[in-house]
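8 protein chains.
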Amino acid sequence: MDVEKLLRQVQEGTLTIEKAKEALRELPYSELGYAKLDNHRKIRQGFSEVIFCQGKTDEHLTGIYEHFYAQGENVLGTRATRAQYEIVKKKVPGVVYDEVSRILKIEQNITEKTGMIAVCTAGTADIPVAEEAAQTAEFFGSRVQRYYDVGVAGIHRLFAKIEDIRKANCCIAAAGMEGALASVLAGLVDIPVIAVPTSVGYGANFGGVSALLTMINSCANGISVVNIDNGYGAGYTATQINRLAVKGHE
Amino acid sequence: MDVEKLLRQVQEGTLTIEKAKEALRELPYSELGYAKLDNHRKIRQGFSEVIFCQGKTDEHLTGIYEHFYAQGENVLGTRATRAQYEIVKKKVPGVVYDEVSRILKIEQNITEKTGMIAVCTAGTADIPVAEEAAQTAEFFGSRVQRYYDVGVAGIHRLFAKIEDIRKANCCIAAAGMEGALASVLAGLVDIPVIAVPTSVGYGANFGGVSALLTMINSCANGISVVNIDNGYGAGYTATQINRLAVKGHE
Amino acid sequence: MDVEKLLRQVQEGTLTIEKAKEALRELPYSELGYAKLDNHRKIRQGFSEVIFCQGKTDEHLTGIYEHFYAQGENVLGTRATRAQYEIVKKKVPGVVYDEVSRILKIEQNITEKTGMIAVCTAGTADIPVAEEAAQTAEFFGSRVQRYYDVGVAGIHRLFAKIEDIRKANCCIAAAGMEGALASVLAGLVDIPVIAVPTSVGYGANFGGVSALLTMINSCANGISVVNIDNGYGAGYTATQINRLAVKGHE
Amino acid sequence: MDVEKLLRQVQEGTLTIEKAKEALRELPYSELGYAKLDNHRKIRQGFSEVIFCQGKTDEHLTGIYEHFYAQGENVLGTRATRAQYEIVKKKVPGVVYDEVSRILKIEQNITEKTGMIAVCTAGTADIPVAEEAAQTAEFFGSRVQRYYDVGVAGIHRLFAKIEDIRKANCCIAAAGMEGALASVLAGLVDIPVIAVPTSVGYGANFGGVSALLTMINSCANGISVVNIDNGYGAGYTATQINRLAVKGHE
Amino acid sequence: MDVEKLLRQVQEGTLTIEKAKEALRELPYSELGYAKLDNHRKIRQGFSEVIFCQGKTDEHLTGIYEHFYAQGENVLGTRATRAQYEIVKKKVPGVVYDEVSRILKIEQNITEKTGMIAVCTAGTADIPVAEEAAQTAEFFGSRVQRYYDVGVAGIHRLFAKIEDIRKANCCIAAAGMEGALASVLAGLVDIPVIAVPTSVGYGANFGGVSALLTMINSCANGISVVNIDNGYGAGYTATQINRLAVKGHE
Amino acid sequence: MDVEKLLRQVQEGTLTIEKAKEALRELPYSELGYAKLDNHRKIRQGFSEVIFCQGKTDEHLTGIYEHFYAQGENVLGTRATRAQYEIVKKKVPGVVYDEVSRILKIEQNITEKTGMIAVCTAGTADIPVAEEAAQTAEFFGSRVQRYYDVGVAGIHRLFAKIEDIRKANCCIAAAGMEGALASVLAGLVDIPVIAVPTSVGYGANFGGVSALLTMINSCANGISVVNIDNGYGAGYTATQINRLAVKGHE
Amino acid sequence: MDVEKLLRQVQEGTLTIEKAKEALRELPYSELGYAKLDNHRKIRQGFSEVIFCQGKTDEHLTGIYEHFYAQGENVLGTRATRAQYEIVKKKVPGVVYDEVSRILKIEQNITEKTGMIAVCTAGTADIPVAEEAAQTAEFFGSRVQRYYDVGVAGIHRLFAKIEDIRKANCCIAAAGMEGALASVLAGLVDIPVIAVPTSVGYGANFGGVSALLTMINSCANGISVVNIDNGYGAGYTATQINRLAVKGHE
Amino acid sequence: MDVEKLLRQVQEGTLTIEKAKEALRELPYSELGYAKLDNHRKIRQGFSEVIFCQGKTDEHLTGIYEHFYAQGENVLGTRATRAQYEIVKKKVPGVVYDEVSRILKIEQNITEKTGMIAVCTAGTADIPVAEEAAQTAEFFGSRVQRYYDVGVAGIHRLFAKIEDIRKANCCIAAAGMEGALASVLAGLVDIPVIAVPTSVGYGANFGGVSALLTMINSCANGISVVNIDNGYGAGYTATQINRLAVKGHE
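Which chain is which? The protein sequence lines are X, U, L, P, W, A, F and D, in order.
For the first sequence, position 215 matches number 215 in full-length UniProt numbering, and the numbering has no gaps at all.
For the second sequence, position 56 matches number 56 in full-length UniProt numbering, and the numbering has no gaps at all.
For the third sequence, position 119 matches number 119 in full-length UniProt numbering, and the numbering has no gaps at all.
For the fourth sequence, position 93 matches number 93 in full-length UniProt numbering, and the numbering has no gaps at all.
For the fifth sequence, position 248 matches number 248 in full-length UniProt numbering, and the numbering has no gaps at all.
For the sixth sequence, position 122 matches number 122 in full-length UniProt numbering, and the numbering has no gaps at all.
For the seventh sequence, position 54 matches number 54 in full-length UniProt numbering, and the numbering has no gaps at all.
For the eighth sequence, position 91 matches number 91 in full-length UniProt numbering, and the numbering has no gaps at all.
A few of these clues could be false.
What the hints assert, rightly or not - Calculated lysine-lysine pairs in the DSS-like style (CA-CA distance at most 27 Å, straight line):
#, chain 1, residue 1, chain 2, residue 2
1, F, K167, F, K113
2, P, K5, D, K161
3, A, K5, U, K161
4, P, K161, U, K21
5, W, K113, W, K56
6, X, K19, F, K161
7, X, K247, A, K19
8, U, K19, P, K247
9, U, K113, L, K21
10, L, K167, W, K89
11, P, K113, P, K247
12, A, K161, D, K247
13, F, K113, D, K161
14, L, K21, A, K161
15, F, K247, D, K161
16, D, K19, X, K5
For the record, the hints were derived by calculation from the structure and aren't laboratory data.
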């Protein structure tokens, strides 16, 4: 490795200190830095590769899956179409597709699920986003419990489940339209609520902006918000929190 | 009166049919129409005069109150400042000012209160808007019950009162920030919910737009919405509904 | 039933007060609450089941209609496509579809129509939204009179009908583009005006936001607003008001 | 004058064609263009100098008024404060200030008023903007008739005046809140309607954007719109149209 | 006619004055008003029927054209598709379609063209909107001169034509992207400039809002604005102004 | 207590099961629910009382502080002015005010600080919001380390501290203007990043909306966002996460 | 040429000075101006013809390419579809199409590449916009180095290349989502950064507005911004700067 | 220095290669990186210290100026108030304040001005922003020529100066209202145009957003845009370009 070689040359006297300093000036930003950060993150996090499938060319996408499949690794692809699945499947038979969450994954090493994340939706139309969140969290090793269609228009449905939700380490609230679920939930639990506005609705919902504003302006404590329809982001953050609860931060 | 006079002249033969037709062509849009509509509305509605005080000059405002006071009528002024009150009071001692709702009124003929309107707020900061609504409704003859600070961050407070709210003919929900109260309320009652977004909040609440969008996009049934901070409008509409419930529409 | 059983055990001494209290702590939010609210609402409102068809899978949608059809109940589905109708019809022959309002319904028990709701539109393009409102109101038992194409660009058309509109208990104003109909209407009647902005228009109408803002900012009294194109919501609220006028609030 | 001098030198042979061409390359964009446009416009339009007073320093503003006063010209200043008036008055006693329109003017040569422009407002709060329009039009020689407080909340007031308004060459509609006046007016007259949204209102009126959108999206024919509160612009355009009607376009 | 009949009965003594007054109370808003306005407008304006084709059903559209064709009248349809043309043509062979402006018209009585309107565009992509404006103006009897692709990115093209444009009674400026053409034009002419923002552009043009804002905020005098892509509205207003210039307002 | 009493009466046979059921129908939503939720939350969370001081009247505010001071409890007030502090101090000498964070608190029982939260800002102008976050977290028992002025315009400042930040359980990123700090941070750490957009900036920052959008749209993993300038919300959520890391979720 | 001819006639006495002045009044804005500007720009800039292909008709587009091909000139067409390419190719075989950048060009005279522009992207999805920029710059004679997928979510990738980027004369940063790359880049280099927001992203990215706001509000020095997805504009400006660096401004 | 010391220890054998590698892993992001970047930028750029004065406390601000004054350095402070100037002046007599640009600076070493930047404004109200740009550029060593009040409402004023503007290396266009100056300018010159939208205007200008959109959407080549009122940013970028033109990029 370069740094080691450089230091050895200094030690052996074949490289002057002046020249070594000059070389080091560039080094940290290039190969050393690159390698270090990547290894560092993988070792500590155990987060496998994630691919945003939307807009990728078929060749590119298939290539990525083949590569990781060959290396025996797990891969999580989000926002994949059924058509993409059909194409990748031809080269990588082990790939699995979920129509609802639109997740396309290879799971060669099953991680044991730990802790607990509660994933809630206001309506049935929010389920695709919630499933992206739930399956992302599961892929990264979190145990997940689903509580779907517990929105505020029939709030007794939420109350019927609230004691169970309270037992989780973290809770995800996916809701479109007016997005009030996150507020009500945060008023009833004392765990972090990750709010995911969804684009479900019509008229003045502005593709989810209405729900986003509701969640950002919530008067209840303990809510933080991710992008509209960003189930993946919610699942990732929830997993980070769940891991902290399970084993603390190393 | 002009129409009567015209018809009499036709009857008496002092006005030709041609000339009468010509005169009538203009009439409906002018004095006839004017008088008719005004009398018509007063007789049926019993809605006294209402004044939007904000921005009126002192002379103008005092003049209006003096005029109606002299006529023995009731007047409801909204968005009045204390300074305006001080000035009007000098000329019209019977004027009454409420600091919270900013209503400046003369009430020379007390109307009996009938029916029931429930006025709810999410927080204490929404009370000024709610009071404008409540006092408007009372001024127009509605019985009003207040349920303040029953927002979704502590939803048990709302539940403690929900059976009483259900007994009203109509309910007003004033809420700022994320404005989720209207949704939760409409999910729990089966009377019309008039939602009033308030400008309470900060950051991305955009002066009440966040709450407005929440209410307009609500997935619960039976919500209709008035302008941000428009307590007066909510009180007026609620009174219309309350009257219908009390005596039907004539 | 659980609560009864619990109380009986307490009465019989087979359950200690301590254990009964613990059980009750969970109960209200779950089965008890659930049952109570649902029964409660159905008994008082007589509002049958409503389904938002848009985005539902064919299996899911057909299942719902089969279920309620078998139970001899009425069902109102909104935003249904003709394709959805074709599919549901195969399993539920009694289902009826209206191309204009896009309502897909089963009406096994005809409710008698009472009271009167006036449904107005500014132009002919607003009719689909108005029909969703009108047919929703009729489904829930309201008598409805339609006044279409009475917008402000030819205001005499509205004046020709205004006396009839005044006789209703409530009036719905559906308008796109600049949405001025609601303001003009509310200036001429003394019944509640439910304003429905429609997405009709182009350019800076922003899919109906222009009409929504017009209606929310109206200087006329007695207007409240529902979401863009939300004919269902307007019809529901209008029915609530119409019922109050017909028989008062129980 | 430069061009003449240049041509004379060419004629006299004291300037080569090459050098003349070079000089001409620059000329059109500079002095020639400058002089031509200015003289041209003044001769044809008779539009005197206009000054946007807002934000001008006292020295600058006073200087301008002194300059034109000394030249015996008329000057129209818009958006002037009373404080600015007090300062300018010290140096230019002939200056006249109108508190409502905030116009600060010198009128040394009274133009005869011709034609007719109708200036309408929805409410009394729109009068300052309407007066800026009316006084601008009068300053530039238009006869003006005012129709104030004829908004759609009491549409009979507008009908009482509509026949008079129809006799004008052009009509200005100033309205805030929901701004529906322009639509109703354009549906009743067949002259151009210049719509001026005003910032009057509150809540979701967004400082006049609501009225602007209403006017821009109007379904009525013959409306064109100027900026929020831009009474000056409306008065200027109305005068252009009024002149065309009075004497045609030269 | 009803009013005449009523007056005759009063004259003949077969209708009491009381009953006549009652009948008249309704009349102005209905048949009388209706007839008067329509006749009134047609006689004075000579504006034939206009149809917004977009979204009309084939049956409805064909019916309208057949009706007016049979009556020997002219009809102007805007925003028609080629498909609509093909369908209408089967029943009304005399119908004419223009692919660029998307105007579908019957012109059985050719009006003589008078006056002059200048129609300008910034680029070639703005031509469809400009043609809708130009052909609308021509249909209503205005002489039109086109000045296309004279936008500010190559301002010399505009200057080459400016003297001709100045000779018109009114000028239309259609521009998308940043829409600066209207400002530059209004700085160079002294006739009213009707600005039409177009939806041409991409990125932060927001479907024409960028050009709309540019035009509304213009610092040049004499600009008024219509809706995005509203060529029809611009052509209509320009014709109103052109007529005033040609013969004054009657 | 009511439930106990009720059950005893059932046990003793002095209350029928029917009447007990009826009484229980109301109970859960009122006193029982109220008490339960409150006690429940306090016991588990140890979160003391929090007060949003902004807009509270002096009497109201002083009353709250006196009440909790007398009870020997801790109180955290946010968005307090110095003037409010001066007034409260007269009655409650033990109250402490921090000019930067605008926190007004009583801390009678010092909680031991545990875990670690890293609070970062992009610039010095973001410090007030960051301090609200940091002091909120400390008040609720979190250990906090501050990393201020480490924004992306001089990214080496962030790198100099990154290893320390990585050791925290959770990290808060407060940034205005373009708000890029959150993205860069989340790319370098593997703990949850709570992003707080601040209203720092000018021009097209729209009072913090620019930073909010940056953070919501971040392509980096593990970011969730709270409202603009909502330091309190960030501190609260961070504390929830920190507690989970310290002791897991009970 | 006209001016020369005119001057000669003046010199020869066959044209009076009066008539010459009149002719000159029009000239500068027409043929003279036109020719001058065009020639002027071509000579100094060497910028060949550029065509915005989107929305052009096939006939129009083919005609343009045939014209310039026949003249032996280079042409750069942006936003061309493959279908357009197929059609143009039939008539102009020498035309070249690039699927990624969607550039359709004829390059008959290869310009030598000089200087250096660094084109960077945050992710792989930004490459189409970056390629439009890069290929535009190359077409106009700039040497270009690409640095793709160096976004802030993995900032070490950028550091690995930063020394090379610093050696360019100008740098382009294309990024969607939160667009933080431009800020980070400008903090690390001292050359002008042309920021191109891309529409890559979803949810609250508003088609690129989020990235646009991030870049416009950047706290880093030396950033200026072009329209969303406007790779062409960035490449053009970068070339202007690169030329200045290579040879200074003539 | 640390790196040197480290290398020496390796050379001397007092530090093992393992330990050196470990130390280096942290180094680049901390002291080394810090020093390097700062020195690096100062040496190459000669850009002195810049301070954003707005919102800084008096103590903080005075401290900064004292520090740099003592070091004999130049300092440029932007957005300073006169009050801030009065306070700083007491401690640092050499500080100079400009009322128009609001720049507060110390200039102990006068840099020779080179190259040429043209700074243009549309109106006189844009001058403060333009002066911030111009004085920033001068402070950093650029020669600047001002062209004020050359907006498109009187485009001949711009043409009179255009040949001079063309001689600059770069040009800044500051404009509010509709901001069309940048487009017109870019159509007439072939140097980079840095467009600065200003917040000058009213109504629908949205504090400068209108001008920003105009500039971003410009159809003219060679425009890039900075934030609203960001004269400093324009001056900085213009200086970068000017330097490149003067001496190329090192």
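For each hint, the structure was consulted:
1. F:K167 to F:K113: With a Cα-Cα distance of about 16 Å, the restraint between K167 of chain F and K113 of chain F holds, given a limit of 27 Å.
2. P:K5 to D:K161: Distance ~22 Å between K5 of chain P and K161 of chain D Cα, so the pair holds.
3. A:K5 to U:K161: holds, 22 Å
4. P:K161 to U:K21: The given pair, whose Cα atoms are some 19 Å apart, holds under the 27 Å limit.
5. W:K113 to W:K56: violated, 30 Å
6. X:K19 to F:K161: The given pair, whose Cα atoms are some 20 Å apart, holds under the 27 Å limit.
7. X:K247 to A:K19: Status violated; Cα separation ~50 Å.
8. U:K19 to P:K247: violated, 35 Å
9. U:K113 to L:K21: violated, 43 Å
10. L:K167 to W:K89: Distance ~45 Å between K167 of chain L and K89 of chain W Cα, so the pair is violated.
11. P:K113 to P:K247: OK: K113 of chain P and K247 of chain P at ~13 Å, within 27 Å.
12. A:K161 to D:K247: Status violated; Cα separation ~38 Å.
13. F:K113 to D:K161: Measuring from Cα to Cα gives roughly 33 Å; hence the hint is violated.
14. L:K21 to A:K161: violated, 54 Å
15. F:K247 to D:K161: holds, 25 Å
16. D:K19 to X:K5: Distance ~14 Å between K19 of chain D and K5 of chain X Cα, so the pair holds.
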